[in-house]
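Colleague: Kindly generate the complete structure, drawing on both the sequences and the hints.
2 protein chains.
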Amino acid sequence: MNEDIKSTIEQALATFRFNPEGLIPAIAQQFDTGEVLMMAWMNEEAISASFKEERVVYWSRSRQTLWRKGETSGQIQYLKEMRWDCDGDTLLVQVDQKGVACHTGQRSCFFSAVRDGKIKTISTVKIDPSKLYK
Amino acid sequence: MNEDIKSTIEQALATFRFNPEGLIPAIAQQFDTGEVLMMAWMNEEAISASFKEERVVYWSRSRQTLWRKGETSGQIQYLKEMRWDCDGDTLLVQVDQKGVACHTGQRSCFFSAVRDGKIKTISTVKIDPSKLYK
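Protein sequences appear in the order of chains A and B.
According to my numbering, the first sequence holds residues 1 to 134 in order.
According to my numbering, the second sequence holds residues 1 to 134 in order.
Please keep in mind that the hints were generated in silico from the structure rather than gathered at the bench.
Hints may be right or wrong, so weigh each one.
Any copy will do: because identical chains look the same in the list, a pair fits if it lies in one copy or spans two.
As the list claims (entries may be wrong) - Using 30 Å as the maximum straight-line C-alpha spacing, the simulated DSS-like pairs for lysine-lysine come out as follows: (1) K131 to K6; (2) K52 to K118; (3) K126 to K6; (4) K118 to K80; (5) K126 to K98; (6) K6 to K120; (7) K98 to K80; (8) K80 to K126; (9) K131 to K80; (10) K80 to K6; (11) K98 to K6; (12) K6 to K118; (13) K131 to K52; (14) K120 to K52; (15) K52 to K98; (16) K120 to K98.
Modeller: Structural data, given as structure tokens:
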């Protein structure tokens, strides 16, 4: 990364309002279709790594470590653009999702809905989850 | 609401994993264009009220009260469908947003981005904010 982009990232980080744990929610949206794929959390380090590596890096709250999306499963999210909201406490990350975002093998994690008065699964499994994590 | 939908909402609520404050993040997405408009928080009462009133009701963390989106500004979010993710800790609400979602008068709250190495405002004010809150 050149100095200009480093300075821009520092400026952006200074704008963000992290929660008391130093985290900010990050919504991943497929950049060209608008599909919302998942929501996870980032800290400063994850945000910097996402820009540097041009792929989405979250902070895993359960494992307390950086989580390079797709590192194990191969289902990488390439970073297209990072956006944030008016009060700087939520990120909307424009991504190019290879394969599927969800560990269940569905494209999006948001596959459950109340529809026609019932709870329904509104999409289908695209990749056998046993093939995602060997 | 009839008994069937009440029972469905109860089933859905039992699936959701609220945080220690009893809240769950809710992403609002315009149902027909896919535009992500904002993220706010809901509790059980806000979710039930959203279904009952067919408009989106959040929980205001700053005011500690139900927040009927658009009650003051007129910029109502009609509820089209409620979705949630694989681990039940985030909602993706499909809405029909009248006017604008953001208090700044922008359509979406996510109007800031790192683009071409710089921080940019990527949309324009649609309604003069002084006309939203009199």
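Colleague: Taking the hints in turn, state whether each one holds.
Modeller: Hints, verified against the model:
| no. | hint | verdict |
| --- | --- | --- |
| 1 | K131 to K6 | neither (38 Å within a copy, 39 Å between copies) |
| 2 | K52 to K118 | between (44 Å within a copy, 15 Å between copies) |
| 3 | K126 to K6 | neither (38 Å within a copy, 32 Å between copies) |
| 4 | K118 to K80 | between (36 Å within a copy, 14 Å between copies) |
| 5 | K126 to K98 | within (12 Å within a copy, 35 Å between copies) |
| 6 | K6 to K120 | between (45 Å within a copy, 15 Å between copies) |
| 7 | K98 to K80 | both (13 Å within a copy, 29 Å between copies) |
| 8 | K80 to K126 | both (23 Å within a copy, 26 Å between copies) |
| 9 | K131 to K80 | within (27 Å within a copy, 35 Å between copies) |
| 10 | K80 to K6 | within (17 Å within a copy, 41 Å between copies) |
| 11 | K98 to K6 | within (27 Å within a copy, 38 Å between copies) |
| 12 | K6 to K118 | between (49 Å within a copy, 10 Å between copies) |
| 13 | K131 to K52 | within (29 Å within a copy, 42 Å between copies) |
| 14 | K120 to K52 | between (39 Å within a copy, 19 Å between copies) |
| 15 | K52 to K98 | within (19 Å within a copy, 38 Å between copies) |
| 16 | K120 to K98 | both (25 Å within a copy, 27 Å between copies) |
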